[in-house]
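Enquirer: Based on these hints, arrange chain G on the given structure of chain Z.
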Amino acid sequence: MTEDRLLRVQDLVLHFRTTQGVVQAVDGVSFELERHEAVVIIGESGCGKSSLARAILRLLPRNVHAYSGKVYLNGTDVMSLDEEQFRREVRWVKMSLVPQAAMNALNPVLRVGDQVAEPTMVHLKVDKQQALQQARKMFEHVGVPVDFLNRYAFELSGGMRQRVALAMALVTAPDLVILDEPTSALDVLTQANIFNLLKRLKRELATGFVLITHDIATSSELADHVAVMYAGQIVELNDAARFFSEPLHPYSQKLMASVPRLRADIEPDFITGQPPSLINLPAGCRFAPRCPSRFAKCDQDPPLFGQGRRQVRCWLYE
Amino acid sequence: MNGVSEEALPSQPSVLPAKRARATTSTFSRVTRYTAVRLVTLFVTVVIGVYLTILIANMGGYVDQIRRGEIRESVGMLVMTDPTFKTMPTEMRQQRIEELVRLQEKRLGLDRPFLVRSFNYLSNALSLNLGRAQNMTSDSGSKQVRLILLERLPPTLVLFATSNLILFFVEIFMALYLSRRYGSFLDKIIVALAPTSSAPAWFYGIFLILIFAALLKILPFGGMVDAPPPTEPLAYALSLLKHLILPVLALAISTIFLSVYTWRTFFLIYSSEDYVEMAKAKGLTSREIERRYVLRPTLPTIITTFALNLITLWTGAPILETVFNWPGLGRTLFRAVGLYETSVIVGSTVIFAYLLAITVFLLDFIYALVDPRVKIGESGRP
Chain Z
553 MTEDRLLRVQ
563 DLVLHFRTTQ
573 GVVQAVDGVS
583 FELERHEAVV
593 IIGESGCGKS
603 SLARAILRLL
613 PRNVHAYSGK
623 VYLNGTDVMS
633 LDEEQFRREV
643 RWVKMSLVPQ
653 AAMNALNPVL
663 RVGDQVAEPT
673 MVHLKVDKQQ
683 ALQQARKMFE
693 HVGVPVDFLN
703 RYAFELSGGM
713 RQRVALAMAL
723 VTAPDLVILD
733 EPTSALDVLT
743 QANIFNLLKR
753 LKRELATGFV
763 LITHDIATSS
773 ELADHVAVMY
783 AGQIVELNDA
793 ARFFSEPLHP
803 YSQKLMASVP
813 RLRADIEPDF
823 ITGQPPSLIN
833 LPAGCRFAPR
843 CPSRFAKCDQ
853 DPPLFGQGRR
863 QVRCWLYE
Chain G
20 MNGVSEEALP
30 SQPSVLPAKR
40 ARATTSTFSR
50 VTRYTAVRLV
60 TLFVTVVIGV
70 YLTILIANMG
80 GYVDQIRRGE
90 IRESVGMLVM
100 TDPTFKTMPT
110 EMRQQRIEEL
120 VRLQEKRLGL
130 DRPFLVRSFN
140 YLSNALSLNL
150 GRAQNMTSDS
160 GSKQVRLILL
170 ERLPPTLVLF
180 ATSNLILFFV
190 EIFMALYLSR
200 RYGSFLDKII
210 VALAPTSSAP
220 AWFYGIFLIL
230 IFAALLKILP
240 FGGMVDAPPP
250 TEPLAYALSL
260 LKHLILPVLA
270 LAISTIFLSV
280 YTWRTFFLIY
290 SSEDYVEMAK
300 AKGLTSREIE
310 RRYVLRPTLP
320 TIITTFALNL
330 ITLWTGAPIL
340 ETVFNWPGLG
350 RTLFRAVGLY
360 ETSVIVGSTV
370 IFAYLLAITV
380 FLLDFIYALV
390 DPRVKIGESG
400 RP
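Residue numbers (the numbering used here), protein chains in the order written: chain Z, 553 to 870; chain G, 20 to 401.
Isolated chain Z, as found in the complex (with noise of 0.2 Å):
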């Protein structure tokens, strides 16, 4: 049953070591993806979102304190895999990432065609044109001029280099793409004609994503499912078309009460307080301290409720 999925996380922690102490930034996530969809993860700013990207992508920093848990691809536990094993078949063939600011991710001296050919030289082991040839098809997918593959990143505008971003993140065909707030940097016109690209790929590709942000109304227009993420821990799991009708976790329902709406006449709502340190996390229910409905049991740590693709860390639905 679970080989089929592309993607089962499994109890995934990502502790790092500070002066200050242990953040928990990732603790204890599980979810799992199917092809051809696409799963929004969403929390605000400091709740682990980047870490556990990090954590399946296995790009550690050096202060790790604990990283353990199960990433299966398409049935293969990659967490057994070593160091060079991982590096040879999962970084790049199986996932890939578009990173939060094209800017930095793009290397400032080479031409971006060459980073863009690069993956499919160093994994496909074909020599430089055929490479190039096919970054060339890849920019023509995500709409960057094909002359553009001879220019630098510095010369590009920030719409053209989260594009050759996306275009590198395909470029060898792999079948997870890890998306990490790949517009937050844009202004809101190039957000939507990233987001349209997104929507035209997904249909075109059998590759599943992963897009984490804040940006819950952008979102909504990609996301098949959707992960709430609050203090390293997924407070819920939904579908995209329920979450966004009707949330379960009072965070959730909060969340998209702070949304602005269009057609509705509805003043945002907003959380008071700020979300806990990840260092000194509250007992009990990590979001009770500024939760609404909060009452005697919240005390004592919820698991999740519910099962499959409904799930929800909150004591109102035990």
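Okay, derived cross-link-like pairs now, DMTMM-like style, lysine to aspartate or glutamate, Cα gap no bigger than 25 Å in a straight line: (1) 646/Z <-> 292/G; (2) 680/Z <-> 390/G; (3) 299/G <-> 666/Z; (4) 299/G <-> 635/Z; (5) 646/Z <-> 666/Z; (6) 646/Z <-> 293/G; (7) 646/Z <-> 307/G; (8) 394/G <-> 707/Z.
Rather than coming from a laboratory, the hints here were simulated on the basis of the structure. Here the structure is a predicted model, which means the values were calculated and not measured.
Expert: Okay, now just chain G, sitting in the frame of chain Z:
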């Protein structure tokens, strides 16, 4: 939001070729103008630097007083010991002395004010007309400053080219290695040893001589080859090599730890760039990442350091060469300072100034070659 179509995008490149064409037509004039401005400013800098050196080496004209005193003394001695002057009346002899002193001073140009002559010195120095030394001779017995310097150049080159080249590449590779193993035991040792560079090379040289020459008696105290120098080329080379060990070691100890520490920190900063992480995510090997994503973007800095490193060869290391009795430029300079030999000091300085100016000038063009972001003479740059 969905209303924005992607058709809006391809209009972008049609604007760009026109802009590019305009840029290429003006490239020549831009580079020419930049080159001219740069050459003039560098030359002005060299002139100021050399003139300051002339003022300082002459102690603002005080060296003239010393010279005058020396002339008076030597003329006095000459007259005193010459029997033909013995019979002269005192006034006549005094007159004769004054006459001789005046002639000598005139010969050396001391009759004109220092300020006037300083500009003469300046123009001679700048045209590399280094003139003749007064108190020093070259190894082959010439009084020409040019020869005094040139004959000492090979030993300095041998010592410093060897050590600088070896050290530079060892440092870069050790630093790269450590930046990969940041926080390892070896890394900690290097960081802990970095302060050893606060002591100069000659300081370590003294101890090395003490240990390896005086106590263990396995390496020579100093000099460049055995005396008498071996006639056979191979034996000569071996002897040279034997004499090189201690000074190179002294130079290495005094620079390597701090340099490795500095470079390693430099590489660490550049390896935490997002594009290095992307390269890792892309599955490149660590060698490819290092070459294309760490070394390549930092090439301008590495080249600059290397070029400046190379031209410091010219000044040698006065005290180290003196400690090791190494017949190089540094020791010549050291002796020239002691003998108030301004011609040699100024000569050495002016050559160094020119080397530095040429290097700086060339580096600007090299930057433009290795870093696509640098455009020569574009607004925002001098």
